[in-house]
Amino acid sequence: MLNIKPIESNGIRLQAKDDTVTISGSVDISNANKNLLTFFEEVHKNIQAKHMRKVFVDVTELKFINSAGIKEIVTWIMKLNDMPEKERYTIVFQCNPEISWQELTITSLVWLNQKYIKSENI
Amino acid sequence: MLEQVTKQKGFLDITFSPFWEFVPFTRNYIYKIASRYLQCDKKKNKVVLTVSELLENGIKYSEKPGVRLCIKNFSCTPLEVSVFNYACKPRVEKLFQTLSEMATANALEYYIKKLKESVNTKAGQANIGLARINFEAGPKISAQYMDNDLLEVKAMFYFEEER
Chain H
0 MLNIKPIESN GIRLQAKDDT VTISGSVDIS NANKNLLTFF EEVHKNIQAK
50 HMRKVFVDVT ELKFINSAGI KEIVTWIMKL NDMPEKERYT IVFQCNPEIS
100 WQELTITSLV WLNQKYIKSE NI
Chain R
0 MLEQVTKQKG FLDITFSPFW EFVPFTRNYI YKIASRYLQC DKKKNKVVLT
50 VSELLENGIK YSEKPGVRLC IKNFSCTPLE VSVFNYACKP RVEKLFQTLS
100 EMATANALEY YIKKLKESVN TKAGQANIGL ARINFEAGPK ISAQYMDNDL
150 LEVKAMFYFE EER
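As you go down the protein sequences, you meet chains H and R in turn.
The first sequence stops at residue 121 when you use numbering that gives the first Met the number 0, and every number in between is there.
The second sequence stops at residue 162 when you use numbering that gives the first Met the number 0, and every number in between is there.
Certain hints may be false.
Said to hold, decoys possible - Using 35 Å as the maximum straight-line C-alpha spacing, the simulated DSBU-like pairs for lysine-lysine come out as follows:
#  : chain 1 : residue 1 : chain 2 : residue 2
1  : R       : Lys59     : R       : Lys71
2  : H       : Lys85     : R       : Lys41
3  : R       : Lys59     : H       : Lys78
4  : H       : Lys33     : H       : Lys16
5  : R       : Lys42     : H       : Lys78
6  : R       : Lys153    : H       : Lys44
7  : H       : Lys117    : R       : Lys88
8  : R       : Lys41     : H       : Lys62
9  : R       : Lys115    : H       : Lys53
10 : H       : Lys16     : R       : Lys112
11 : R       : Lys88     : H       : Lys44
12 : H       : Lys49     : H       : Lys33
13 : R       : Lys121    : R       : Lys42
14 : H       : Lys62     : R       : Lys112
15 : R       : Lys121    : H       : Lys49
16 : H       : Lys78     : R       : Lys93
17 : R       : Lys42     : H       : Lys114
18 : R       : Lys121    : H       : Lys117
19 : H       : Lys53     : R       : Lys121
20 : H       : Lys78     : R       : Lys31
21 : H       : Lys78     : R       : Lys139
22 : H       : Lys4      : R       : Lys115
23 : H       : Lys85     : R       : Lys59
24 : R       : Lys59     : H       : Lys117
25 : H       : Lys33     : R       : Lys88
26 : R       : Lys121    : H       : Lys33
Just so you know, these hints were derived from the structure itself, not from any lab.
Please construct the entire structure, taking both the sequences and the accompanying hints into account.
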């Protein structure tokens with residue numbers, strides 16, 4: 000199970016505990032790259048090391064994410080795509096239906112790997 | 000000049016220095032104004048997403064200080080979002096190439112292609128902003144490059160009557 004030290008900086012909070020990664024706040028140009036890149040690298044390594052088959056990404060409290068932030072999530076997903084089939088794990092994005100932009104943004108991420116990337120409203 | 004522009008219904012003009020921290024403030028400000036004129040949450044978010052991504056591009060690729068955001072027709076159609084910044088010719092040529100590709104491609108397919116390519120872009124750049132606007136917000140996007148190296152990128156929203 001995941002247990003990564005939370006990161007809180009410039010309006011974003013990143014947390015990975017048990018089987019859930021939580022991204023909340025707003026991801027902007029001033030905080031996107033460094034924080035997200037490092038965080039997702041660690042999450043990916045942890046999932047591999049612990050042989051997890053499924054992880055949830057809770058974005059229900061994510062108010063906004065810019066394209067630089069999306070790039071870092073895509074980088075994580077592409078790492079998953081590069082793994083051997085038997086080692087791959089499922090990422091389930093948990094969205095907030097009341098935050099309307101999430102529907103299209105997360106849908107486009109699902110298209111990067113329809114077998115292993117899922118989304119659900121909670 | 001002031002009289003001419005303020006005759007338009009719902010006109011807003013902000014010029015600021017290329018300061019990243021101003022982007023979220025401006026986005027939140029525009030969201031509040033959009034909430035006054037657009038009832039639909041999806042439409043508000045489309046405008047706000049466009050403002051945010053165009054401003055980030057304006058700041059990121061500006062050759063000189065100064066980025067200007069201009070919104071026209073908040074209360075009628077088409078609602079126009081323009082961002083002005085100074086840009087070099089090679090950058091502008093790349094922009095026009097992107098706009099040309101987007102015009103003929105399927106919006107989702109083009110966005111997915113740019114998402115995949117973004118992994119290989121250098122730190123601080125994703126090169127997906129315009130494709131994201133095109134897919135998620137769907138305005139008509141155009142650009143104009145003026146003699147003084149001033150670039151205008153414009154997004155026009157043709158929202159239906161129910162706003």
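Here is what the structure says about each hint:
no.	hint	verdict
1	R/Lys59 / R/Lys71	holds (24 Å)
2	H/Lys85 / R/Lys41	violated (39 Å)
3	R/Lys59 / H/Lys78	holds (27 Å)
4	H/Lys33 / H/Lys16	holds (20 Å)
5	R/Lys42 / H/Lys78	holds (34 Å)
6	R/Lys153 / H/Lys44	violated (42 Å)
7	H/Lys117 / R/Lys88	violated (41 Å)
8	R/Lys41 / H/Lys62	holds (13 Å)
9	R/Lys115 / H/Lys53	holds (22 Å)
10	H/Lys16 / R/Lys112	holds (32 Å)
11	R/Lys88 / H/Lys44	violated (42 Å)
12	H/Lys49 / H/Lys33	holds (24 Å)
13	R/Lys121 / R/Lys42	holds (32 Å)
14	H/Lys62 / R/Lys112	holds (25 Å)
15	R/Lys121 / H/Lys49	holds (31 Å)
16	H/Lys78 / R/Lys93	holds (28 Å)
17	R/Lys42 / H/Lys114	holds (31 Å)
18	R/Lys121 / H/Lys117	holds (28 Å)
19	H/Lys53 / R/Lys121	holds (30 Å)
20	H/Lys78 / R/Lys31	violated (38 Å)
21	H/Lys78 / R/Lys139	holds (34 Å)
22	H/Lys4 / R/Lys115	holds (29 Å)
23	H/Lys85 / R/Lys59	violated (41 Å)
24	R/Lys59 / H/Lys117	holds (32 Å)
25	H/Lys33 / R/Lys88	holds (30 Å)
26	R/Lys121 / H/Lys33	holds (12 Å)
Hints 2, 6, 7, 11, 20, 23 from the earlier list are contradicted by this structure; the remaining hints agree with it.
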